[in-house]
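Asker: These are the residues of each chain, in order.
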Amino acid sequence: MTIQFNDESFRDDYSFHNSERALKRFPFPFHEDSYMYSVNMEQHRGGPADSVYEMRFDVDEHYVSEMKDRAIVLDQDPLRCQSLPHMTLAGWDLLELIMVSKSEDYPDLFELHREGDQWRWINKPLGIDDSFTFLDETTLPYGPMEYITRQAQGDFAVLDQRDDMLWMDAGMVTTQADWSLDFDIGMNFFEWHAPVPKAHEMGIFVRALKFLLNIQQGAPARRLNWTMTVNPLLDTSPENYHKWGIQKTTLTPENIGRKQHLRVELQTFFRLPRSNALVFPIRCYLCAFEDLMTVPKWGRRLHRVIRDLPEELATYKGFIDNRPLMLDYLSQFDDGLPTSPGIWPDLQSEPPLQK
Amino acid sequence: MSGAEKIRVRVSEITLINALVTRFRFERCDGADLPTFSGGAHTVVEMQDGGVTRLNPYSLMSDPYDQRSYTISVRRDDTGRGGSLFMHQQVKVGDEMTISYPVNLFSLDLRARKHLFLAGGIGITPFMAQIQQLERFGTQWELHYACRNKGLGSYADELTSRHPNQTHVYFDDQSQAINLPHLLEGQPLGTHVYVCGPKGMINWVRDTAQGLGWPQDNIHYEEFLAPQPGKPFEVKLAVSNKTIQVGEHESLLEAMEREGVDAPYLCRGGACGQCETAVIGYDGKFIHRDHWLEPQEHESGKKIMPCVSRFEGKTLVLDR
Ligand code: HEM
Ligand code: FES
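Here the protein sequences line up with chains A and B, keeping their order. Count along the first sequence from 1, add 8, and you get the number used in this note's numbering. Count along the second sequence from 1, add 10, and you get the number used in this note's numbering.
There's no promise every hint is true.
[Unchecked claim] Think about it this way: if two alpha-carbon atoms lie no more than 30 Å apart in a straight line, the pair counts; the simulated DSBU-like pairs of lysine-lysine are:
1) B:LYS324 with B:LYS313
2) A:LYS218 with B:LYS102
3) A:LYS218 with B:LYS313
Hints listed in this document are in silico derivations from the structure and should not be mistaken for laboratory results. Keep in mind it's a predicted model, so treat the numbers as computed, not measured.
Make the full structure from the sequences, and use the hints.
Answerer: In structure tokens form, the structure reads like this:
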């Protein structure tokens, strides 16, 4: 199916919107009626047709607008993209991985022609047609990681692996849920996860790190993470907290359905072959509460999850103050009926709202 | 499924290097490109040896950017459990085999200003690939390579003629030896040391470097342990609800696989940690041989690495 790219904004007038199709493929992150941190990782080897799991790097209707938003952020704050000197090879790895994957998975949108080291890359949605020499930085307008991640949705953390540890030594981070690459650069897996509540005591990070260190070439993995965002903002960074933090106080019972968004991250993990580094793409999907509520199963479940979420998690995720308002709204869509297991909408089999 | 992804390959060339070492070249059966890899990576080669499946890791020694073929070198071990003998005696050009995707447990530290390689015997192979990777980017490196004698110095001539200034070869039978303290003291700041060879050599390098105040993180080593034969023993697998016998010439991991138990692994040489298994109960003594567990863990009797470690005694119950 061809993709119609939206013309929309993630700032000022917030014209971002999801089509019917985008809503149906939204990665709803709760497979049951409650939520707690866990080492929720699985193989990243495709998934149901047109789901966000199907391709290695999902391209959707927001692609072109998201790339415009990234360019604005980088223009105002170049430190959102950083790569320590030893990470250049990993940048080439990432460029190769994305170009090969996208040209194979979306041949009508992207083309890659390789003649030895002479590469030609065609990105039709963004109107790019560049020829360059692979592994020769002087033939690209940016470093390899920056070049390719200006053309790929989601944030990218590129981790060096040394001494049985992962180090955040490069990244492109403009669509993050309140963390900063400039702050975390050079840190290790335990250091950058230090602010997360509960998970350390639960031993989650020790096990997660072991899993990640053993991710091998050709066998990528994935997991979902989530938080809440008022207004469809991609850039909820600490650097710009003064701009978006106050927007959380603008929620009212009248506007919450439109303004409050569930923010889901599809996180994937790929071993990079030439550098032995690991890349961690964090792809952000936004969906307004009122759109989510059109799926009866998601309406029932979201209410129960938010109602029962431990206080520490609601505080860390930044919506503890708005939780009562959210629950007033969400409870309208919970009739107490049981829900089917799994994340899928199950529109055919789940009953409509009984109230 | 356990282990890394698999690739079907055909043996396209077999080259006798010397009395003990033979080189094998693999190309993909489907004619497609092989994955690139990073210098220091190994592949696990599957051997169908009579009724027995053997899985042995070998360092990839070809240019990591050559996607047409991979090469490995196999040293014949006449007293081992047979994997190397199978490669030397049974494998012919044209044979189809299964190998794993590259896995790197001996990666270069790309922050290094200079890479100092110390090889003993067949331990030269990972450095062959690393040298080709570094040459492409003009990074500084130096190799010190100890072999028994001229006849057994695999690739010593080739390396010396290609890289005369960086290559230093030492022959035991001529009483030549690496002057390690001197060598280490002369290195520029930011040098990383890599050692691959017999256990004694690895310990010697680590101890000497530590004695000279080198940061531990700047010393890298790889020693593939081949599983050693030992007395047969019996194991109860609690999760699979099976009691199995581990024979003299097989590892605990191999015995589980033979019985159809899906046990995780990567390196099969005690280095990666993937096969770590919890011990539920035991009466006897462990023969721990891995590099993965801490000494306290070895003493605790709570964990075992089935790829290389064994057990002697009455009962052993594992959480698998
Ligand atoms: C190498 C890959 C990873 C990177 C680069 C990464 C990075 C991050 C960062 C930057 C944060 C925000 C911390 C803050 O508040 O400043 C975070 C949060 C978190 N990470 Fe990771 N992470 C990785 C892998 C994982 C994995 C495999 C798990 C598996 C359990 C995990 C679990 C979490 C959890 C539970 C949070 C809190 C999220 C929330 O409640 O919204 N991370 N991670
Ligand atoms: S398989 Fe790697 S330690 Fe056992």
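Asker: Flag every earlier hint the structure violates by its number, smallest first.
Answerer: Number 2 - this is the single hint that the structure violates.
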